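**Student:** So the chains spell out like this:
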Amino acid sequence: MESLLYLIPAMLLLGGLGLAGFLWALKSGQYDDMEGNAARILYDDDDKPLPAPNKEKEK
Amino acid sequence: MTQTCLHCGDPIPPLSDGAEGFCCKGCEGAYNLINGLGLKTYYERRTLDPDVKALRPDDDAAQIDYRAHIIEEDGINTLYLMVEGIHCAACVWLIETALAKQETVDQARVNMSTRRLVLKWHGDKIDPNRLVSVITGLGYRLVPYDPNLLNTENQKREKELLRAMAVAGFATANVMLFSVSVWAGYSQGMMQSTRDLMHWLSALVALPAIAYAGRPFYRSALTALRSGRSNMDVPISMAVVLTAGMSLFQVISGEEHAYFDSAISLLFFLLIGRYLDRRARGRARGAAEHLLGLNAVAVTVLDENGSQSLLPPDQVKDGMIVLSTAGERIAVDGVIIDGQSDIDTSLISGESVPVTAKADDRVFAGTTNLSGALKIKVTATGESTLLAEIVRLMEEAEAGRANYVAIADRVARHYGPIVNVLSLGTFIYWCFIAGAPWHDALLNAIAVLIITCPCALALAVPVVQVIASGRLMRQGILVKTGTALERFAQVKHVVFDKTGTLTLGRAELVNRDEIDPETLHLAASIAAASKHPLSRALCRAFGPVAVKSGVEEVPGNGLVWQDVRLGSRAWCGDKNAPISMGPELWLARDGQDSVCLKFADHLRADAKDVVNGLKAQGYGVHLLSGDRIEPVEKVAKDLSLDDWKAQCSPKDKCDALEGLDKPLMVGDGLNDAPALAAAHVSLSPSTAIDVSQTAADAVFQGDRLKAVLEVLGVAKKAESLVKQNFALAFLYNSVTIPLAVAGFVTPLIAAVAMSTSSLVVIANALRLSKGKV
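Line by line, the protein sequences give chains A and B.
No gaps in the numbering here: position 28 of the first sequence is 50 in the numbering used here, and each next residue is one more.
No gaps in the numbering here: position 98 of the second sequence is 346 in the numbering used here, and each next residue is one more.
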């Protein structure tokens, strides 16, 4: 039963990390264009990262 | 095999003016431009979508001055544009790379799902027209939009739902892990201290998640309660909050059962439904807005010193002088001060034959200037204008429809009180009759609330609607409002407008067989130089044709090429020939008889089938038109419609609808807009004027009227599925409520019962996505 003492926090932490990752991805606009991004990955030109579209939206 | 153009992929017409392998000069230019930028791989990467506009540079598209739409910030200029003509991801790549190669451009990003382009550059403000011309030169059409007006509220809501869903999903998964341990513990003999630890941990995860993820429901429930109504969100919120509260109480007092898993998974399921529902609707609305935005044109305004400038229609003020060229839709109400032309008023009045307008005549926004340039003085936009009158009628009509209550809320209205009474009854029974301690009695009462969980009930409608609107959307029918499908299912009468609805709303050549092919070719190659709708119709009838060089346009009359004249009857026609029903063009050559080309507005190809189909299904079919009696009578006869009415004013149409039980209005014109708003439910083609598209509950794309049958069929099917789902939910409740009243419900039973009922409801709804209706 002692194993619970570190397994449970570890589980919550990992799950929480996943959730935080998703919320971050959502906020940085990565879910705005699912169709385009699915195709974009196929072109091997240099594709610059998105310049934080949310910053100006919030202004 | 016909050769296809290297750029746009359309067949190459004989005698093309472009170089070998191209259909026209524009495509040749675009091809060279792409090669010059070193982006030739585009042609290997793309797949052409036959449904999207051909990639042919359009030199006659309305010119827009993009400068008026720039948003400037810290020396960086931003332009938001809608793009028409995106076929596949290669187009996205082409647009972005072509723009990125321009020196001043900082960022060019196309969103492929919404077909919108954000363009940022620094420096000169005159730049945009040059930058944009790079893209229009490739064959795309770009229209500016206001990012603050379009959809932002919706997007915010959608993102909020997605965030709530993520949180609820996370919490559900973790709480379930704890719960499974506890359930396993029943049989394996878990120690009480371990069980309590599990419960406390569940509470720790579930309570904040319930507080956060439930907000969309609490908000809506509170709004409803405040205005003294009830909706589906009221029982949902009550069940969730009470379950969470009771479980917390249980945990504190160290009891055996806690229901956190039920509460949070209920939220999670419902949020999935909510999110899908909103996204489907948002996409339909977005697509409809996209279509509308592309129709928006700039207005050419004349200064006092005679110089021209282009303004968006909303920036045009009273008293300005506006220039309208042939073939353009007039964007303002006003009085003609100079010029003469034929005006096509079909969208306003339904009248199919153009009327002649000259100085001092009034013209209205939404009409099309057919033949000559006009100078129009913009008149006061007071109560007296036609548009204001129509808007007033629409508002009146819409007020009546606002009373419609969605089926889910109607059910909730009766469902809420019943559950509350049951729960209260349970408490009274256990406390006073069975003599249980008040604490146990309360527990059983709350179990009733949980087990009558509105999960299946709340999913019953949205799941079906998501699948139904998804299915319709694949067929080009965009359902914009939430309750539209329910209202479509109740329709008893279908009322059609004539021009643009039963008919295509555009002229088609009718006497092709009477004209020898050589003459037709000559006429078409001259007509190709003009924007006049009849010239366009002629070219369309002939097929791809190379334009003759050196054609001159004589405003108000027609076209001249060498000694050949193509134009109106008065100018080059035989004045003694019998007058035909529709518009006509005459071709005159020296030493030969003039040839008459007759045009008519054809019925949509499947109009008769649709009308017969509707009759066979027992709908009352009616025709209301603003056009003259003869053409309306002819259409009614062709379609064997008995109930028709001609020369209807917008008000007449509304009045006629009032006499019908649950009518569906199908119409496109400005004169239909009030009727569209007044009808029980309404449908309009995507070629309709913007006011009508906004007023309509659904918009259909394409030339086929079959959309009417499809919408009604899917709506009927959806309604029966919704009813089945409600029946399933009640069936499930009738089994579980006695258990709850008797006090047998453990968290395990609650969780299993809830999930199965939800899955059954979803599986039932999925049946709509395939098969015939």
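It is worth saying that the hints were derived from the structure and are not from the lab.
Where hints are given, some of them may not hold.
To be verified - Which bits of chain B does chain A cover? Going by a derived footprint, with three or more residues having C-beta under 8 Å, they are: (1) 336 to 346; (2) 411 to 418; (3) 502 to 508.
Here the structure is a predicted model, which means the values were calculated and not measured.
For glycine and all other residues, C-beta sits at the position ideal for the given N, C-alpha and C.
**Student:** With reference to the structure, classify each hint as holding or not holding.
**Tutor:** Each hint, compared with the structure:
1. 336 to 346: holds (count 5)
2. 411 to 418: holds (count 4)
3. 502 to 508: violated (count 0)
Hint 3 from the earlier list is the only one contradicted by this structure; the remaining hints agree with it.
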